[in-house]
Amino acid sequence: MFHDRSPIYLQIAEGIKNDVLSGALEEDEQVMSTNQYAAFYRINPATAAKGFAQLVEEGVLYKKRGIGMFVSPDARERLRAERRERFFADVVAPMLDEAKRIGIGVDEIVKHLGEK
Amino acid sequence: MSIEIRDLTVRYGRTVAVDSVGLDLAGGKIYGLLGRNGSGKTSLLSAIASYRKPSAGVVLIDGEEAYENPRVARRTCFIRDTLDLSDSDRLRSALDLAARLRPTWDQPYAEKLLDVFQIDPGKRVSALSRGQRSAFGVVLGLAARTPLTILDESYLGMDAVARTLFYRELLADYLEHPRTIILSTHLIEEVADLFERVIIMDRGRVIVHDETDALRGRGVTVTGPYEAVTAFAAGRVILGEQTLGGVRAVTLDGHVDPGEIERGEAAGLSFGPIGIQDLFVHLTSQPLEASR
Amino acid sequence: MTVFGTLARIYRPILLWFGAIILAVEAIGLVVIGNTVGPSKFSFWIVMAGAALKYWPLVAGILLISLHLRLFVANGVTRGEFLGGLAMFGVALTALLAAVVTAGHGVESLLLGALDLRGPDYPVFTLTGAPAEFGHLLPGSMAYMVTGMLVTAGFYRFNPWIGVLLIIPGAIPLAVADNLVKFDQFGETIDRLPYGTALVLTLAVIVGGFLVLYRVMRDTPIRRTSG
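Protein sequences, first through last, are from chains A, B and C.
Taking full-length UniProt numbering as reference, the numbering of the first sequence is continuous, increasing by one, and the terminal residue is 116.
Taking full-length UniProt numbering as reference, the numbering of the second sequence is continuous, increasing by one, and the terminal residue is 292.
Taking full-length UniProt numbering as reference, the numbering of the third sequence is continuous, increasing by one, and the terminal residue is 227.
If you're looking for bench data, these hints aren't it; they were derived computationally from the structure.
From a predicted model like this one, the values you see are computed outputs, not experimental measurements.
Yeah, the Cβ is synthetic: ideal placement off N, Cα and C, and Gly gets one too.
Some clues are possibly wrong.
[What the hints assert, rightly or not] Some chain B residues close to chain A (C-beta under 8 Å, calculated; not the full set):
(1) Lys29
(2) Tyr167
(3) Leu171
(4) Ala172
(5) Leu175
(6) Asp193
(7) Leu194
(8) Glu196
(9) Gly217
(10) Pro273
(11) Gly275
From just these sequences and the hints, can you work out the full model?
Written as structure tokens, this is what we have:
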């Protein structure tokens with residue numbers, strides 16, 4: 001579930017973002033309460049609350065007082081835009097570095113991708 | 001219940017078990033107390049629970065001095081690994097005593113826990129296995145429902161299944177009845193997720209008191225050519241190191257900026273995160289490694 | 001009150017068993033004496049129940065400190081509260097036992113009288129003599145109990161060597177009571193001092209012993225059970 005090499009609250013936030021992106025969580029859908037989440041994943045509720053607070057701050061979730069937390073209507077769009085921006089820096093750049101190190105040229109990569 | 005510890009020292013003859021410790025614990029959280037054998041965990045907990053009078057210093061609970069204070073005593077429960085029971089007693093009579101003396105005792109919950117751990121209350125204390133004894137301690141500790149519950153190595157002798165049940169019940173009951181819980185343990189990896197905060201003791205002193213999450217990702221291992229690693233590690237806190245041929249691996253305390261990692265990687269270094277267990281091992285065995 | 005009530009509950013079944021055993025021994029003893037020696041020259045009840053009146057509270061005092069303190073502290077009772085309840089329990093227990101021993105002597109006396117088995121020296125029980133009998137039995141019982149607690153406290157609080165040394169001062173209440181107040185199987189009492197003076201002295205030593213116990217135990221660590 002969680003590993004202990006990075007803060008769990010970040011892992012929680014990341015997991016929920018992935019669920020929003022994949023559509024497992026619909027926009028305006030209610031998410032689990034922190035206590036439900038804590039009980040389900042066997043973690044301290046304060047840690048879960050911190051993960052949720054992070055998502056509220058980032059605008060992925062919004063609070064309805066006395067009811068719970070919901071996925072923001074524009075969350076998926078925004079997350080997608082954000083991830084797209086990071087895609088080249090986070091995914092493509094390291095791949096190109098590695099390719100360079102082992103002597104694979106860009107045309108070879110393009111050719112490989114074209115075959116897919 | 002909140003706990004304030006001021007300059008607490010616990011001495012046994014000439015041995016100093018707890019060495020002028022100061023600690024502020026806010027109420028309503030689950031704390032993990034970690035430390036090697038003989039680091040002073042049990043002595044600290046004994047002083048908090050007033051099982052032992054501080055040699056110096058004071059323990060305040062909700063602002064009141066704890067020692068011999070009936071209001072505090074009634075709201076504190078301390079379960080030690082040995083259990084404070086008579087061997088010849090039946091479990092039933094230990095439960096009856098708790099029910100009589102503890103205003104917060106929840107008998108139906110105690111019965112439920114006995115069921116969960118499959119303990120027969122008709123047995124005598126002496127007939128319990130080490131693991132069952134520990135489990136019975138957990139029953140007494142959780143069913144007491146005291147605002148301050150202290151469990152000292154309450155998993156001793158429990159098998160993996162019993163420990164899982166213990167952690168599950170602890171969390172479930174805490175979610176329903178939030179209270180201050182202090183749990184001392186060696187088995188960091190399997191319970192760390194339950195702790196909101198972690199306290200690490202080493203030779204009578206508190207060396208870490210932080211959010212558990214802050215310890216995840218604290219510390220990195222850096223591996224690479226000897227000179228490059230040495231240059232990178234300069235000026236940082238080295239927790240441990242290993243050298244094999246021209247390759248050096250060091251464990252550093254604290255966070256390393258992504259920018260520095262990028263530059264390091266360009267210089268041929270590789271970085272890895274370390275877990276809480278490793279961090280704990282490094283922090284509490286530091287002088288040994290340093291002397292090598 | 002909770003400590004007192006709980007101690008009473010814990011000790012009730014033990015007391016009932018013990019009482020039943022004493023009664024059985026008394027019955028057998030009387031039958032044997034009646035069939036062999038003939039009319040009894042002394043009160044077998046006072047020999048036996050009188051000894052029990054001292055040694056039983058002595059043992060109870062040992063257990064209360066070595067065993068029960070821990071159980072109460074583990075359940076959220078302070079040492080001070082326990083010792084307070086213990087004082088009340090001690091007075092109630094020894095008073096009850098002394099009353100039972102006195103009453104038992106009355107029953108034995110009546111029974112032997114009815115069966116014509118009272119020897120010439122047998123201490124005949126009288127209602128007017130009963131208060132004095134009770135008054136001589138009770139302080140002894142209390143003193144033995146305090147000694148049991150004090151001696152155990154020495155071992156509990158300090159290391160064994162100091163514990164051994166503390167046996168001597170711990171035994172002072174017992175020694176004082178044995179030498180100042182007594183009622184034996186021949187109905188004899190000690191008259192070294194007038195009863196009033198002896199009683200005051202004995203009670204003072206008992207109360208003093210208890211205060212020392214309080215001081216020693218209020219700061220004691222709660223010992224770990226080894227198993």
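These are the hints, each one checked on the structure:
no.: 1; hint: Lys29; in the structure: holds (7 Å)
no.: 2; hint: Tyr167; in the structure: holds (7 Å)
no.: 3; hint: Leu171; in the structure: holds (6 Å)
no.: 4; hint: Ala172; in the structure: holds (6 Å)
no.: 5; hint: Leu175; in the structure: holds (5 Å)
no.: 6; hint: Asp193; in the structure: holds (4 Å)
no.: 7; hint: Leu194; in the structure: holds (6 Å)
no.: 8; hint: Glu196; in the structure: holds (4 Å)
no.: 9; hint: Gly217; in the structure: holds (4 Å)
no.: 10; hint: Pro273; in the structure: holds (4 Å)
no.: 11; hint: Gly275; in the structure: holds (4 Å)
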